[in-house]
Amino acid sequence: MIEILTPAEVAQARHTGALVADILHTLKSRSAVGTNLLDIDRWAQEMIVQAGAESCYVDYEPSFGRGPFGHYICTAVNDAVLHGLPHDYKLADGDLLTLDLAVSLGGVAADAAISFIVGESQPAESVALIDATRRALDAGIAAAVPGARIGDISHAIGTVLSAAGYQINTEFGGHGIGSTMHQDPHISNTGRPGRGYKLRPGLLLALEPWVMADTAKLVTDDDGWTLRSATGCRTAHTEHTIAITPNGPEILTLPKQS
Numbered sequence: 001m002i003e004i005l006t007p008a009e010v011a012q013a014r015h016t017g018a019l020v021a022d023i024l025h026t027l028k029s030r031s032a033v034g035t036n037l038l039d040i041d042r043w044a045q046e047m048i049v050q051a052g053a054e055s056c057y058v059d060y061e062p063s064f065g066r067g068p069f070g071h072y073i074c075t076a077v078n079d080a081v082l083h084g085l086p087h088d089y090k091l092a093d094g095d096l097l098t099l100d101l102a103v104s105l106g107g108v109a110a111d112a113a114i115s116f117i118v119g120e121s122q123p124a125e126s127v128a129l130i131d132a133t134r135r136a137l138d139a140g141i142a143a144a145v146p147g148a149r150i151g152d153i154s155h156a157i158g159t160v161l162s163a164a165g166y167q168i169n170t171e172f173g174g175h176g177i178g179s180t181m182h183q184d185p186h187i188s189n190t191g192r193p194g195r196g197y198k199l200r201p202g203l204l205l206a207l208e209p210w211v212m213a214d215t216a217k218l219v220t221d222d223d224g225w226t227l228r229s230a231t232g233c234r235t236a237h238t239e240h241t242i243a244i245t246p247n248g249p250e251i252l253t254l255p256k257q258s
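full-length UniProt numbering numbers the first residue of the sequence shown as 1 and each following residue consecutively.
Do not take every clue at face value.
As the list claims (entries may be wrong) - Restricting the straight-line Cα-Cα distance to at most 35 Å, the calculated cross-link-like pairs of lysine-lysine (DSBU-like) are:
no., residue 1, residue 2
1, Lys198, Lys217
2, Lys90, Lys217
3, Lys28, Lys90
4, Lys256, Lys198
5, Lys28, Lys217
6, Lys256, Lys28
7, Lys90, Lys256
Calculated directly from the structure, the hints in this document are not laboratory data.
Given only the sequences and the hints, what does the whole structure look like? Please build it.
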């Protein structure tokens with residue numbers, strides 16, 4: 001299903017997106033050496049409930065997962081990149097942490113992810129991974145103009161990631177979003193320009209470039225959810241929800257806080 005939101009629904013999406021962004025911003029500020037992933041999940045729960053919002057993850061049960069996700073945020077560390085199930089792990093200096101959050105507020109969902117390095121260490125490989133996903137996301141957003149096609153976004157993202165020397169996995173990518181978290185169209189992180197669904201105002205998209213340092217192959221943890229690089233290399237993932245407007249793309253998940 002592809003949803004085209006009304007102006008009132010897009011206005012609500014701005015509120016949802018701001019909430020997602022501010023929760024992620026707060027969680028990043030609290031994530032320090034020694035922080036437990038389960039504490040991050042608990043903090044996310046508290047902020048979602050306090051805002052009168054609903055988690056898109058707790059009851060999430062897609063075909064590729066093992067039962068309901070059961071947590072409020074995805075926490076992926078180092079070689080984990082997607083669907084990281086929060087567990088009893090204390091962050092160490094130099095860990096590369098990805099937080100991926102989706103909530104629904106007022107009947108409209110928003111989804112975003114950030115990758116960052118914990119502590120004082122700044123491993124060069126991790127910095128490069130994060131930078132590549134951020135630049136790829138910027139390129140994808142710039143391509144998301146009315147009248148363009150999904151393939152234009154995928155091509156823009158893939159061009160940046162490939163130029164940075166990374167292999168691209170096409171099993172998971174961006175997606176439509178609206179009254180539910182995951183909708184059509186699928187947005188691969190590489191593709192051919194001029195192909196696919198034509199963008200029009202009212203369409204909401206979650207764009208999410210992600211890469212692994214030296215492979216395109218994923219493996220799944222015994223928890224049935226967490227996806228890791230097959231080689232144990234580090235990974236990064238950056239995501240924004242955007243709205244297609246008559247004036248171009250609008251990022252809905254930018255934090256108000258500096």
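Hints versus structure:
| no. | hint | result |
| --- | --- | --- |
| 1 | Lys198 with Lys217 | 30 Å, holds |
| 2 | Lys90 with Lys217 | 26 Å, holds |
| 3 | Lys28 with Lys90 | 14 Å, holds |
| 4 | Lys256 with Lys198 | 31 Å, holds |
| 5 | Lys28 with Lys217 | 28 Å, holds |
| 6 | Lys256 with Lys28 | 14 Å, holds |
| 7 | Lys90 with Lys256 | 28 Å, holds |
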